[in-house]
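For the sequence shown, position 142 matches number 141 in numbering that gives the first Met the number 0, and the numbering has no gaps at all.
These aren't lab readings, by the way, just hints derived from the structure by calculation.
Cβ coordinates follow ideal geometry from the N, Cα and C atoms, glycine included.
Among these hints, one or two may not hold up.
Lysine-lysine pairs mimicking DSBU-like chemistry, simulated, CA-CA at most 30 Å apart [what the hints assert, rightly or not]:
| id | residue 1 | residue 2 |
| --- | --- | --- |
| 1 | Lys-32 | Lys-5 |
| 2 | Lys-104 | Lys-32 |
| 3 | Lys-166 | Lys-369 |
The calculated label-pair distances, taken between Cβ atoms and stated as ranges, are [said to hold, decoys possible]:
| id | residue 1 | residue 2 | range |
| --- | --- | --- | --- |
| 4 | Gly-64 | Val-359 | 55 to 63 Å |
| 5 | Ile-200 | Ala-353 | 16 to 24 Å |
| 6 | Ala-110 | Arg-28 | 43 to 51 Å |
| 7 | Arg-294 | Asp-201 | 14 to 22 Å |
| 8 | Val-359 | Ile-200 | 46 to 54 Å |
| 9 | His-266 | Arg-202 | 40 to 48 Å |
| 10 | Asp-288 | Lys-193 | 54 to 62 Å |
| 11 | Arg-334 | Ala-110 | 27 to 35 Å |
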Amino acid sequence: MASIAKDNHGWRILFTAPDGARRTLRLGRVDRKAAESIRCHVEALLVAKTAGVPVRQETAVWLAGVGATFRERLVRAGLVEAVGGPELRLADAVASYLSRQNHVKPASLVATRQALQNAIEYFGPGRLLGSITRGDADDFAMWLVHGARSRKQRHAPGGLRPATALKRLERVRAFFRDAVRRRMLPDNPFEDVKGPRASDIDRQAYVSTEIVERLIDATPSLEWKLLLPMARYLGLRVPSEPFSLTWDCVDWERGQLRVPSPKTEVHGKPWRVVPIMPPVRPHLEALFDATPSGRVYIFHELRQRDSTRAAERGWWANVNLRQHLLRLIRRIGERPWPRLWHSLRASAETDLVARFPLHVVAAWLGNTPKIALRHYLRVTPEDCARAASEPWNTEKVAQKAAQQTAEMGSILRKLPSQPIPQSVPLQQDATQFCSIHPPKVAGTGFEPVTSRL
0 MASIAKDNHG WRILFTAPDG ARRTLRLGRV DRKAAESIRC HVEALLVAKT
50 AGVPVRQETA VWLAGVGATF RERLVRAGLV EAVGGPELRL ADAVASYLSR
100 QNHVKPASLV ATRQALQNAI EYFGPGRLLG SITRGDADDF AMWLVHGARS
150 RKQRHAPGGL RPATALKRLE RVRAFFRDAV RRRMLPDNPF EDVKGPRASD
200 IDRQAYVSTE IVERLIDATP SLEWKLLLPM ARYLGLRVPS EPFSLTWDCV
250 DWERGQLRVP SPKTEVHGKP WRVVPIMPPV RPHLEALFDA TPSGRVYIFH
300 ELRQRDSTRA AERGWWANVN LRQHLLRLIR RIGERPWPRL WHSLRASAET
350 DLVARFPLHV VAAWLGNTPK IALRHYLRVT PEDCARAASE PWNTEKVAQK
400 AAQQTAEMGS ILRKLPSQPI PQSVPLQQDA TQFCSIHPPK VAGTGFEPVT
450 SRL
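I would like the entire structure built from these sequences, with the hints used as guidance.
Okay, structure coming up:
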């Protein structure tokens with residue numbers, strides 16, 4: 000397919016291009032061995048161009064290391080694409096990749112940028128993509144845990160937390176996967192890299208209902224009196240889901256709440272339906288009775304801040320409700336627990352799973368059984384106390400354990416597929432609710448039945 004020849008100007012490669020034209024690629028002053036090696040790579044490029052298959056690993060590494068002048072000759076010969084040259088360098092490839100991420104939310108884009116900045120910091124901005132091997136990827140994963148620094152710990156020893164390192168490794172893997180799909184690389188060196196075991200056991204906390212009720216009593220704000228039980232009893236994601244609630248989301252007759260979910264809307268789940276638990280309904284009714292006519296959002300007063308406008312564009316992390324919650328916790332004489340709002344949501348799911356099947360609770364909270372088992376469910380003090388005090392029936396215990404094992408095995412076998420959907424009646428109720436009750440605002444007749452008694 001290609002041959003080498005020598006004249007007064009040095010070695011050259013003669014080949015037939017995919018369009019049938021005869022082409023010449025001059026190599027300059029090189030020895031015969033180098034010319035023969037380049038000829039093999041040219042033949043590999045011809046095969047990839049003609050058959051439409053990825054370039055083999057050895058040729059991709061060689062191509063990534065050639066100089067700009069010789070690469071321009073390859074472009075003129077029709078062996079490589081012109082756009083592939085600068086993008087094969089890590090910094091340029093990262094910039095091109097980020098410019099195409101216009102379909103993700105701003106917060107997700109920031110997280111992706113942080114992960115790829117770690118890659119640039121470790122490999123160097125001028126590192127060529129084709130020169131990064133699987134061993135380099137393993138070293139990078141290790142460096143994230145032991146050598147990388149976050150913005151808040153630049154002067155602290157050690158690396159990132161395992162959970163953070165794992166997420167960043169996943170984003171770097173996605174970047175290289177995109178490079179493979181665009182034929183900038185023959186394969187993904189991060190494809191089978193194992194990340195650190197992410198364990199947040201030191202940040203897990205179960206918040207009792209007694210503490211939450213004391214917090215509710217300690218605040219005079221009706222909106223805070225509702226926000227706290229929504230987080231603790233319904234497991235809403237604070238602040239994105241409560242701040243997206245409007246009064247037309249409340250179905251007083253059925254006792255249901257249609258919860259908008261900005262986090263999962265990009266995955267085709269823009270909302271979910273949850274029951275209005277008894278501890279939540281009195282606070283929801285009290286806020287409704289005190290709301291002036293014409294207001295749309297349930298948490299109208301809490302939304303009156305500049306950060307809310309940024310949150311509606313995807314920057315929900317800017318809505319700082321943490322400081323006021325810390326003040327309330329100090330007011331009742333309690334110590335703050337790790338991950339204030341997430342722990343309230345996790346405690347809600349823990350209590351609900353004790354009363355309802357896991358797939359039902361996962362549908363209510365908008366996650367999957369696998370995520371619930373890994374990040375949300377907690378062992379409570381009441382679990383240990385009940386196990387130590389209840390009569391022990393060996394036959395019943397064995398029967399119940401076998402039943403639970405069979406149920407969990409069935410759930411875990413379904414985990415790689417799509418999340419378990421809500422039950423059919425619940426979906427029908429949600430559809431009927433959206434069609435029967437068009438959007439309304441407070442004060443136009445859509446009010447709780449109990450407020451009239």
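Tell me the numbers of any earlier hints that the structure contravenes, in ascending order.
2, 7, 8, 9
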